[in-house]
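Take a look at the letters that make up each chain.
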Amino acid sequence: MKSTLTALAVTLALTAPVFAEDVCPMERALYTERDQGYGLSFFAPTNRDMANTSLRFFVVRPGDDRNLSGTISGNMGVSRDTGVVRRDCPEDKAPADITDAEWEACTYWTGVVYALVDGGAEMLPFGDEPAPPAILLTDFGRQIRYSGLLDGPAETPWDVFTLNGCRW
Amino acid sequence: MKTPMALALAALLAGAVPALALDCGFDHAIYGQDDSSSELWFEPVDPAMGDGQANAFTLRLADFRRPLVGAVVWPDEEAERPVASLTLDCPAEAAPDASCPIWQGTLYAVFADGGVLLAPDARDPAPPTLILADLGPAIRAGNGRFGYETDEPVWDVFTLKACGT
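Protein sequence lines correspond, in order, to chains L and W.
If you read the first sequence in full-length UniProt numbering, its first letter stands for residue 1, the second for the next number, and so on.
If you read the second sequence in full-length UniProt numbering, its first letter stands for residue 1, the second for the next number, and so on.
Quick caveat, the hints were computed from the structure, so don't treat them as lab data.
Note that the coordinates shown come from a computational prediction; the quantities given were computed from them, not determined experimentally.
Beta carbons are placed, not taken as given, at the ideal position from N, Cα and C, and that holds for glycine.
A couple of the hints might just be wrong.
[Unchecked claim] Calculated Cβ distances over 12 Å to all of chain L for the following chain W residues: (1) Gly25; (2) Asp27; (3) Ser37; (4) Ala48; (5) Ala62; (6) Arg65; (7) Asp89; (8) Cys90; (9) Pro91; (10) Ser99; (11) Pro120; (12) Arg123; (13) Asp124; (14) Gly142; (15) Gly144.
[Unchecked claim] Covered stretches of chain L (chain W as the covering partner; in silico rule of three or more C-beta atoms under 8 Å from a C-beta of chain W): (16) 107-116; (17) 128-140.
[What the hints assert, rightly or not] The calculated label-pair distances, taken between Cβ atoms and stated as ranges, are: (18) W:Pro153 with L:Ser147: 28 to 34 Å; (19) W:Arg123 with L:Met50: 44 to 50 Å; (20) W:Leu88 with L:Asn47: 42 to 48 Å; (21) W:Arg65 with L:Glu104: 36 to 42 Å; (22) W:Arg65 with L:Asp118: 31 to 37 Å.
Please construct the entire structure, taking both the sequences and the accompanying hints into account.
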């Protein structure tokens, strides 16, 4: 209960700027997850990213001082917005030289991402468009749970992330 | 195509279904899409399928001749996560063979207040909106297995439109 109240206080504190500014561009949006307090921090892709990378984000885990690194890619219409979260992938190799086993070992989640708007679900907006009030990282909790990252099932996060701030 | 539309229309005319049939049981709910004629028809779970199956439904694509058979199973209780699938001509087993389903993924229920749940129980009230994660691309990829042409795109989100009997 106490932790819930603390979380609520933190949420309220972080929420205030969003409401004050009304809209936050997707590429500066901050999201939080209700069960474990995971955070997502979005930013624009760099020119080192693949051409179909539409967004990048960090996954911040409470109690873990090392973020995970996420990308969102899509081709507007045909396939869906697909997210990938990785950490500790080989940095001394070009991506084309990394083996399937190496990718698998450093990949913690892969799935389709939806914007949750007005009781429905849509594709994600472009980076400079307003961030939706919530986003759904499909199958996120289950995959994180079996990724080897957690100490036990009680640490499983939920798949929905709620907008709670804007990075300026 | 004709039959589900006619039934849905009949249900609407009978006054059983307001715009949002909030009092419809999930296992009688019929969902549709604004931009396609695809429909999801939920039905009571056949007890013969065993305890593992929580929901049963069919996907009726545009110009459908044979519905795709949908199921939500909880294969691993500890995971507390359901697996939804759509199959055609797959062996009748509660736990689908990994290679046979045309689609396999997570089914989410979305409510007007923005709340999201994993697939509710078949006897719960029908949620207003469902997301079948990454459904559309899977249907497009599975097109050659349907035995007929359907090139109408299917989106991954369905909304409650009628209540079956």
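Here's how the hints hold up against the structure:
Listed as outside the interface, Gly25 (chain W) is consistent with that label: its C-beta sits roughly 20 Å from the nearest C-beta of chain L, beyond the 12 Å cut-off. For Asp27 (chain W), the condition that its CB be more than 12 Å from all CB atoms of chain L holds, with the nearest at approximately 22 Å. The Cβ of Ser37 (chain W) sits about 19 Å from the closest Cβ of chain L, beyond the 12 Å cut-off, so the non-interface label holds. Every C-beta of chain L lies more than 12 Å from that of Ala48 (chain W), the closest at about 28 Å, which supports listing it as non-interface.
For Ala62 (chain W), the requirement that its beta carbon stay farther than 12 Å from each beta carbon of chain L is met, with the minimum near 18 Å. With 12 Å as the threshold on Cβ separation, the claim that Arg65 (chain W) sits away from chain L holds: the shortest Cβ distance comes to roughly 26 Å. Separation of Asp89 (chain W) from chain L is adequate, the least Cβ-Cβ distance of about 26 Å exceeding the 12 Å criterion. The beta carbon of Cys90 (chain W) is kept farther than 12 Å from every beta carbon of chain L, the shortest such distance being approximately 21 Å.
A cut-off of 12 Å between C-beta atoms confirms that Pro91 (chain W) is not in contact with chain L; the least separation is 25 Å. The beta carbon of Ser99 (chain W) sits about 19 Å from the closest Cβ of chain L, which is more than 12 Å, so the claim that it is off the interface holds. The non-interface label for Pro120 (chain W) is consistent with chain L: the shortest C-beta to C-beta separation is roughly 15 Å, beyond 12 Å. The Cβ of Arg123 (chain W) sits about 22 Å from the closest Cβ of chain L, beyond the 12 Å cut-off, so the non-interface label holds.
Separation of Asp124 (chain W) from chain L is adequate, the least Cβ-Cβ distance of about 17 Å exceeding the 12 Å criterion. With 12 Å as the threshold on Cβ separation, the claim that Gly142 (chain W) sits away from chain L holds: the shortest Cβ distance comes to roughly 15 Å. Separation of Gly144 (chain W) from chain L is adequate, the least Cβ-Cβ distance of about 17 Å exceeding the 12 Å criterion. Under the rule that three or more residues need a Cβ within less than 8 Å of chain W, the assignment of the segment 107-116 of chain L holds, with 4 such residues.
For a cut-off of 8 Å, the count of residues in the segment 128-140 of chain L with a CB near a CB of chain W stands at 5, and the three-residue condition holds. In this structure, Pro153 (chain W) and Ser147 (chain L) meet the distance hint of 28 to 34 Å, their C-beta atoms being roughly 33 Å apart. A C-beta distance of roughly 46 Å is found between Arg123 (chain W) and Met50 (chain L), which places it inside the suggested range of 44 to 50 Å. At roughly 44 Å, the beta carbons of Leu88 (chain W) and Asn47 (chain L) sit within the given window of 42 to 48 Å.
Between Arg65 (chain W) and Glu104 (chain L) the C-beta distance comes to about 40 Å, which sits within the given range of 36 to 42 Å. The given range of 31 to 37 Å is respected by Arg65 (chain W) and Asp118 (chain L), whose C-beta atoms sit roughly 35 Å from each other.
The structure fails none of the hints (numbered hints given earlier).
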